[in-house]
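The listed protein sequences derive, respectively, from chains A and B. Per UniProt numbering, the first sequence runs over residues 1 to 203. Per UniProt numbering, the second sequence runs over residues 1 to 203.
In case anyone wonders, no lab produced these hints; they're calculated from the structure. Mixed in with the good hints there might be a few duds.
List time: in silico DSBU-like cross-link candidates among lysine-lysine, alpha-carbon distance up to 35 Å [what the hints assert, rightly or not]:
1) B:Lys-55 / B:Lys-45
2) A:Lys-182 / B:Lys-45
3) A:Lys-45 / B:Lys-182
4) B:Lys-182 / A:Lys-55
5) A:Lys-45 / A:Lys-55
6) B:Lys-55 / A:Lys-182
7) A:Lys-180 / B:Lys-182
8) B:Lys-180 / A:Lys-45
9) B:Lys-180 / A:Lys-180
The lines below spell out each chain.
2 protein chains.
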Amino acid sequence: MTGRGRPPDPDLEARVHAAALELYAEVGWAGFSLDVVARRARVGKAALYGRWGSKERLIVDALSGWRPRQPLVEWPGPLREDLVRMATAILDGYFDRHGLVLLRAQVEAKVYPELFGQALEELQRERIVAGRAIVVGAIERGELPAGTSPALVLDAVAGILTNHVLSTPASRMPALAERKHKYAEETVDFVLSAVGYAPETEH
Amino acid sequence: MTGRGRPPDPDLEARVHAAALELYAEVGWAGFSLDVVARRARVGKAALYGRWGSKERLIVDALSGWRPRQPLVEWPGPLREDLVRMATAILDGYFDRHGLVLLRAQVEAKVYPELFGQALEELQRERIVAGRAIVVGAIERGELPAGTSPALVLDAVAGILTNHVLSTPASRMPALAERKHKYAEETVDFVLSAVGYAPETEH
Chain A
1 MTGRGRPPDP DLEARVHAAA LELYAEVGWA GFSLDVVARR ARVGKAALYG
51 RWGSKERLIV DALSGWRPRQ PLVEWPGPLR EDLVRMATAI LDGYFDRHGL
101 VLLRAQVEAK VYPELFGQAL EELQRERIVA GRAIVVGAIE RGELPAGTSP
151 ALVLDAVAGI LTNHVLSTPA SRMPALAERK HKYAEETVDF VLSAVGYAPE
201 TEH
Chain B
1 MTGRGRPPDP DLEARVHAAA LELYAEVGWA GFSLDVVARR ARVGKAALYG
51 RWGSKERLIV DALSGWRPRQ PLVEWPGPLR EDLVRMATAI LDGYFDRHGL
101 VLLRAQVEAK VYPELFGQAL EELQRERIVA GRAIVVGAIE RGELPAGTSP
151 ALVLDAVAGI LTNHVLSTPA SRMPALAERK HKYAEETVDF VLSAVGYAPE
201 TEH
């Protein structure tokens with residue numbers, strides 16, 4: 001991958017990426033530091049600077065190699081089950097701070113578009129393609145009216161969950177974690193009731 | 001307010017708060033610095049340190065004194081108009097970066113709850129009280145079924161808008177700004193169609 005032959009430390013890239021994203025979730029771009037990443041990843045500073053050179057290159061590389069934990073394939077339907085699975089994955093991301101990486105990058109792309117813009121657009125394009133597949137599959141199976149907007153359905157599910165998590169004080173996050181499946185179902189049912197959902201009846 | 005008699009510079013607090021929130025929107029907590037705030041607010045460092053002492057005290061004070069631009073009173077109905085007004089105000093906040101302050105603080109409250117938790121809870125409590133008033137008013141006027149969840153309606157409107165703005169590349173924000181009123185209406189109509197909205201017929 002590096003084009004420099006066999007690396008002396010084969011896990012280096014993965015460890016550095018993980019440490020970089022963890023640090024980024026905590027402090028964002030302004031607090032991001034190659035020295036802290038080096039310490040947390042147990043990598044020499046020389047190796048880190050030699051491979052990535054600048055904090056810009058490292059964060060863009062880490063974001064580009066990173067995918068939200070959300071499964072992005074196989075949405076066999078029915079729609080309600082696909083969406084509840086997606087919603088649960090989104091909530092799980094917020095409970096382990098994984099989701100904070102994406103939120104931070106989305107906020108900071110508004111401030112530093114030249115830095116994060118492209119890495120983020122690639123990430124988001126994948127999410128949008130996967131999300132469209134869920135909704136288009138449901139339309140093909142007759143579960144949703146033709147012409148249903150995939151963007152609106154997906155913005156609604158993801159947005160309700162995100163807004164709710166962000167409005168929940170840290171002290172109440174454990175209680176939300178306990179009822180996450182129920183909350184995912186309530187959210188999906190709310191969105192489905194807006195779009196004329198007709199569940200499949202065959203089985 | 002300071003309990004120290006008449007201040008020599010009566011605008012000092014307002015200028016410092018504005019500079020503090022502007023810097024916070026740009027760099028978040030990790031990049032926040034009293035020295036930068038002093039420079040931007042055209043205030044001497046001695047005055048700034050004397051009045052606030054630490055970056056913790058300044059950011060908490062600025063957040064506590066700050067209110068999102070959203071109008072928080074007078075929701076005469078009909079519900080659709082109240083919600084479109086609220087939605088437009090939320091979008092306006094994102095176009096001028098005002099909304100980024102709240103998003104940043106919400107993300108960072110998950111990382112540093114002891115720092116932002118309380119200031120944020122107060123802010124959010126006001127929003128929740130105002131939002132409840134909109135939905136409860138609509139139930140009383142017979143526009144919504146009794147038992148409609150205010151939290152779900154408000155999470156849905158705010159969440160759809162926020163998710164959409166965060167997924168929109170910086171290069172397409174001007175186009176979104178142009179059609180913001182239409183987008184606010186589409187979002188509100190989507191949410192209303194989920195909750196059995198029956199518009200008032202009197203006029």
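Do the hints match the structure? See the list:
no.	hint	in the structure
1	B:Lys-55 / B:Lys-45	holds (12 Å)
2	A:Lys-182 / B:Lys-45	violated (52 Å)
3	A:Lys-45 / B:Lys-182	violated (52 Å)
4	B:Lys-182 / A:Lys-55	violated (40 Å)
5	A:Lys-45 / A:Lys-55	holds (12 Å)
6	B:Lys-55 / A:Lys-182	violated (40 Å)
7	A:Lys-180 / B:Lys-182	holds (33 Å)
8	B:Lys-180 / A:Lys-45	violated (47 Å)
9	B:Lys-180 / A:Lys-180	holds (33 Å)
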